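Asks: Residue numbers (this note's numbering), protein chains in the order written: chain S, 2 to 414; chain F, 4 to 357.
Keep in mind the hints are simulated off the structure, nothing from the lab. Any given hint could be a false lead.
Result set (EDC-like, lysine to aspartate or glutamate): computed pairs, CA atoms no more than 16 angstroms apart in a straight line [as the list claims (entries may be wrong)]:
(1) S:Lys325 x F:Glu261
(2) S:Lys371 x S:Asp326
(3) F:Lys265 x S:Asp61
(4) S:Lys407 x F:Glu147
(5) S:Lys203 x S:Asp153
(6) F:Lys265 x F:Glu68
(7) S:Lys135 x S:Glu175
(8) F:Lys75 x S:Glu330
(9) S:Lys197 x S:Asp267
(10) S:Lys192 x S:Asp204
(11) S:Lys83 x S:Asp101
(12) F:Lys75 x S:Asp326
(13) F:Lys27 x S:Glu323
(14) F:Lys5 x F:Glu19
(15) S:Lys191 x S:Glu175
(16) F:Lys218 x F:Glu68
(17) S:Lys135 x S:Asp90
(18) S:Lys296 x S:Asp354
(19) F:Lys290 x F:Asp158
(20) F:Lys75 x S:Asp331
(21) F:Lys265 x F:Asp158
(22) F:Lys154 x F:Glu279
(23) S:Lys191 x S:Asp204
(24) S:Lys135 x S:Asp101
(25) S:Lys119 x S:Asp101
(26) F:Lys228 x S:Glu412
(27) F:Lys265 x S:Asp101
If you want the footprint, here are the derived chain F segments under chain S, 3+ residues with CB under 8 angstroms [what the hints assert, rightly or not]:
(28) 181-193
(29) 228-238
Here are a few chain S residues that sit away from chain F, every Cβ distance over 12 angstroms (derived from the structure) [said to hold, decoys possible]:
(30) His99
(31) Gln201
(32) Pro271
(33) Ala274
(34) Asn328
(35) Tyr383
(36) Gly389
(37) Gly391
(38) Thr394
(39) Thr398
(40) Val402
The structure displayed is predicted, hence computed values, not measured ones. Don't be surprised by glycine CBs; every beta carbon is placed ideally from N, CA and C.
Here is what each chain is made of, one letter per residue.
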Amino acid sequence: MKKPLLIIVLMMAAGALMAQTPDNPNTCYDCHTMMGSPYDSIAVAQSKDVHGKQGIQCVDCHGGDPTSMEYEVAMSPDAGFKGVPSPADIPELCGSCHADPDFMKTYDPAFPTDQLSKYRTSQHGQLLVQGDEKVAECASCHGAHGILPVDDPRAPVYATNVPATCNQCHGDKEYMAEYDIPTDQFELFKKSVHGKALLQDKDTGAPACNDCHGNHGATPPGVTSISRVCGTCHVNNFTLFQESVHKEIFDQMDLPECETCHGNHDVEHPTDAMIGTGDQSKCMMCHAEGDTGYKVAASMSASIDSLSSVYDSAQVMIHRAEQKDMNVEDLQFSLREVRQKLILTRTTIHSFDPEKVENIEQEGLSVGQKIIRSARDLIHEYYYRRRGLGAFTLIITLLVVVLFFKIRQIEKE
Amino acid sequence: MKRTLAQWFQERYPVESVVEYSQKKEVPLVHGTIWYYFGGVTLFLFIVQVITGILLLFYYRTGAEQAYESVKFLMTQVHFGWLIRSIHSWSANLMVLSAFIHMFSVFFTRAYRKPRELTWVTGMVLFLLAMAFGFSGYLLPWNELAYFATKVGTDIVGVIPGIGDFMLTLLRGGEDVTGATLSRFFGFHIALFPGIFTVILAIHLLFVQVQGMSKPENAPEANLKTMPFFPNFVLRDLLLWLIVLNILAILAVYFPWELGSKADPFVSAPAGIRPEWYFMFMFQTLKFIPGHVLGIEGEILGILGFGIAGLLWILVPFFDRSTERGRRSKILTYVGIIVVLFIIMMTIIGYILS
């Protein structure tokens, strides 16, 4: 009984405060901050968030009359008060500003305004239209009060926080039970090369969930689009594959392109063992001894092994020369070229053309062998210098001895 | 043939009298004779500097865009380029060390006393020039350490009251250490300093030849053992020079002088920036002096202090009257010991702290 009375008293007090700021009335904030927990936290959070800082108030989303101290008036449906919007209404509510280019460009002309239209095409958006209110809408990822800009590391949609944000729903078995999709994506992603780069190394250039699935237009990539998703970053691999013999075969077999060999959420750092005819070879999933694919795999694997071995030898030789205090700066520079060629050889296997792979291998081998010869020359030079010093010291010592006896002879005389 | 050639020269120049003079010239054979050789060692190292310096000039190109590259080319592509540069650098350091020893041996034996005051003064000028050679040559490869050390070194010159700003601009060729500074230092190092050095060295050697080696102030004239300057002392000099040459070769082969990375004025100074070892005692002392002492800026006070101390050191023959009278001044001996200990201590501390 006492609480409504207290609220009324507080509202009256807020009214007194309001009288002092008639130009910018916000009785929602005034009352909510005076009501204490939990009513105040949303008001305070909103006032400090990306919207609050731009002067956007509670009324802009919730409606009502922020000039009235009478809560019956301020929160009256007649004054346009909407209360807490339902999930189904949120995309349109946010879109009322965010999908309006004329309005948004008053804040930032470069700000995108296609979020709502993309959302409508997304799996989330389509299910929401069908009445499923469990799916993610704007507030599910961005929050409602206390929204932070996407480049703020505290924001749930900041690159390194995205996987955990998606996982709040997608990792919840019970919540996702009715959708018949896996819930271990986040666990797999954490162990993947992308996940380690993003979550451990904090490399925001590494892909999060939204980089492959889209964010506002989130949808699972299909068989036909998977290589385009990967190809966004791995351009060379994508181009080579598209021009390769495998493209048509994979299409015919309805196989996803990159995913067939590399997996999806658990993409691991590729190794040289993935190509060739060994136990870990991905080629051997389809090919067997005797067929053309087997020979191609063996040839490409041999090219990589050969260049990799020369690269390692060149590295060792440079190290040996460096340990002898010889100047190896130029050799280290050339070694980078060999490394580039090795990377290019590994990339070129996506063409599945052994001749192409071998050409690049040969370019790398030529530089690598030159480095090995130069490093060997430096090591020889090192011993040559010491032998030279030895001979010089011997001559000087002989001269010193001769001179010493000459001086003694002169002084005796 | 030999006789004809000698006769040819004798008919034109007083060759015989010069030879006769040097044969008659005697070098005292006393307990501290070993110190007499360090002047010769310094001279030998200077000759090495001149020869290797000329060889380096065949490849060195001045300018911020070319200097580092030309030294790198010399060290990696030119036959024995590494050896010439390493010998030049090691010889420079040994020359300064030898000059230090020569100076202090002259000081402690009071060899500067009448009539050799001007030999001491010319020697001191040569010593300061040797340090200037070192400072200017250090920058020439245009590497990172040298760049920042020169920046710090010229900054110190800039705080000298009255003439600091002028000196700073004169040395740097502008406000900052740039390619203009490099060109200037190159000019100083290969033209200005060698020119002045050679003239003063000639005067210094002339004084030594005319006045002969100094004898201990209290040595009885009658019992003093001596040896002929030529050939005895010259051959002994030669023997020592050969040993020094061998030491230089060993240092150059086992500890080749590093080039480091190219100077980049836009990066911050790397840790451990320090001057050449022979400037370390001054650098460290300036770091120890508080920011302000009796209302005077600490750095200015330090520079003034070193300036006055250096001037007094140069003028020491003119106010040390007791040695002239046959009594060696104990105070000056103590001052010398304190100076030596101060230099050694500050140098060690400087290296430990950096």
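Asks: Hints numbered earlier in the text: which of these fail when held up against the supplied structure?
Replies: Numbers 2, 3, 4, 11, 13, 15, 16, 21, 24, 27, 28, 34, 35, 36, 37, 38, 39 and 40, in rising order.
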